[in-house]
Amino acid sequence: MYNLLNNLIGNEYVAAVIAAALPLFVFILPFALAAVLLERKVSAFMQDRLGPNRTGYRGLLQTVADILKLIQKEDITATDADKKLFNLAPVLVFAGCYAAFAAIPFSGAYIGADIDLGMFFIVAISSLVVAGILMGGWASNNKYSLIGAMRSAAQMISYEIPTALVILSLVLVTGTLSLHQISEQQTAYFWNWNILGGAGLGFSKLLLIPFMIVGFIIIYISSLAEVNRTPFDIPEAESELVAGFHTEYSGMKFAMFFLAEYANMFAVSSVVAALFFGGYQSPFGYLGNTLGISWLVPLEQFFWFTAKGMFFVLVQMWLRWTLPRLRVDQLMTVCWKYLIPYAFVNLIIVGLITLL
Amino acid sequence: MALKTEEMVLNMGPQHPSTHGVLRLEVELDGELVLDVKPHIGYLHRCFEKHAEAMNYNQIVPYTDRMDYLAAMYNSFGYALAVERLLGIQVPERVEYIRVIMGELQRIASHLVAVGTYGVDIGAFTPFLFGFRDRESILTLFEMTCGARMLYNYNWVGGVSHDLHPDFVPMTREFLKYFKGSLVEFNNLLSYNKIFIERTANVGVLPLDTAVNYGVTGPNLRASGLKWDLRKNDPYSVYDRFDFEIPVGSGEKGTTGDCWDRYYVRIREMEESVKIIEQALDQLPDGDVHSAIPKRIKPVVGSIYSRVENPKGELGYFIISDGTVNPYRMKVRGPSFVNLTVMGELCKGHLVADVIAILGSIDIVLGEVDR
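First to last, the sequence lines map onto chains D and Y.
When we follow my numbering, the leftmost residue of the first sequence carries the number 589, and every step to the right adds one.
When we follow my numbering, the leftmost residue of the second sequence carries the number 951, and every step to the right adds one.
Among the hints, a few may not be true.
Stated by the list, open to error - Taking beta-carbon pairs under 10 Å as the criterion, some of the chain Y residues facing chain D (in silico): (1) N961; (2) P964; (3) H966; (4) P967; (5) F1078; (6) F1080; (7) K1203.
Because the hints were derived from the structure by calculation, they are not lab data.
The structure displayed is predicted, hence computed values, not measured ones.
For each residue, glycine too, the CB sits at the ideal point set by N, CA and C.
Required output: the full structure, derived from the provided sequences and hints.
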């Protein structure tokens, strides 16, 4: 994609910017809008309600209307807030979430920035979110926001460790950090997916399967914690901290936090899909290859990628509307006493298996 | 060198999603650790007791509805019973049975809100709506009977305002049948959820002696292990004719008297209420519900203290009559008010999240705390 744009435009910087920004406008913003609606519909379904059904056909325009409302709202800054940090925080959170999408391969033909350190980049840039949340919580000059921000920082930083350890164990198997290449390796059929031991053949593939499943469970739990979803939605625990770190935010700044949260849900889901479930690869081979229509293949890949991402987003929603919330000390216990030791052991065993 | 730290005072409420109304908790925090909790009340004070002195006995009934607005039926039940005892009237049997049926339906409705909102306090939203969905069926039954869904003005002195609708009995039976299954679903969703148990077991343990010293009553007292239920221990109306259990906390998931016990006692009380209503529907006699309503209520000089087992605990009415049509003095012993006093004791040494869990497990209604 980047090369194509580079040839078309002739300026590599402009091409890079367009390539990186394209998913944001073409896919992620509409996705976030749709995901908010989806969440409300899913929760309504689970709770015997109807959900939004007044705006547009069956309520399809509900989030659009909500965002329009938020844009029109007064942008309130609390009197004693630290204005600079207060304004910067939503931007950082938003930027951190969306920048991660630059390195996510949507299909074989489209990846915003195909960098070798793709996975590393995503983990690193997601940390911007922590800084943003801390800033927002501190600058609001509100006790609830402060507690929420402190919890959030502790939580997100802690849970990055098991995530990173699982990614490391996967890197041992695949030998690359580029999500594009990781996806490419899991080509053709679903038994080549990393969750089933990767594309390699032989004894070690069979040995890998249980440890890959453990790795997947660990990274999925950690990703829930990283995007502050139930049962780890402690930073914004509405029954304790009103709205946590974004209590004082209103209008478009609030909308930025809100959209960032939903974008982040898809980001972590698609990373999990790319790492363990073949990324954009089809589980059953491609119709385009069979029919000999080459341009169909990337479209199919995009479909499979979105479908896998959406599946994990739906699981997140399902969990959210089923489970209660953990307490902050229990959250830390889960991370430090269970996930990290298991992730370590998993890493060592996967390393030994790859040595075989 | 040790860093200097200081405690933070956090004002929870009166506008806060989990204070169940307009309660203000002054929470002293060391990080996330709670050092002290002081409840501040009075935001919803409506001078019920003083107001009652200026009204005649019938006019007070709607005001009693507005105390514990989640258990309005039971409040007026208790009031009507007190005035009837003061007057020395015997109401027809049908009225007694209707009152018991309504009262127990109201108990289920009140407990459904209690356990549902408790789920929200812990972070689970779906049980809340399940609870409200089932409560809706009960409110439909009430609406069918007296036209109101929240504040009924149903239990009058000497009778009830309307007789039962012809469809009431079959519809109630149908609801009870459905509700038994619904409770199982509720238990699977929330009560036995691992995270829920982690959050509530061994949290906010209320030892029996503390509970008795503070005058805690109702499900909170029973959760601490004492089998004390006025329906059995000081039977009123026709409660002595029904066969039902008094659920007590047993520390099944943690310590006796913890939040989970308080929560679970309510779940089991709903099961018992279902039993009572079923028996009452079977025994329901015919009769005129208006026959004993006095034309004019003018008790002789004297006083009465009459208590009933409201969904929240012991609801007592102390009425002094000076022989006129208005009570000379009306004092209410509200269970929520008394139960709330134990809050500070329970919260010490817990975390912020536990304060919410404990407050929710005490199940207060601010309308009655402040009156």
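### Message
Going through the numbered hints above, which ones does this structure break? Give me the numbers in ascending order.
### Response
As far as the earlier hints go, 2 and 7 are violated by this structure, in ascending order.
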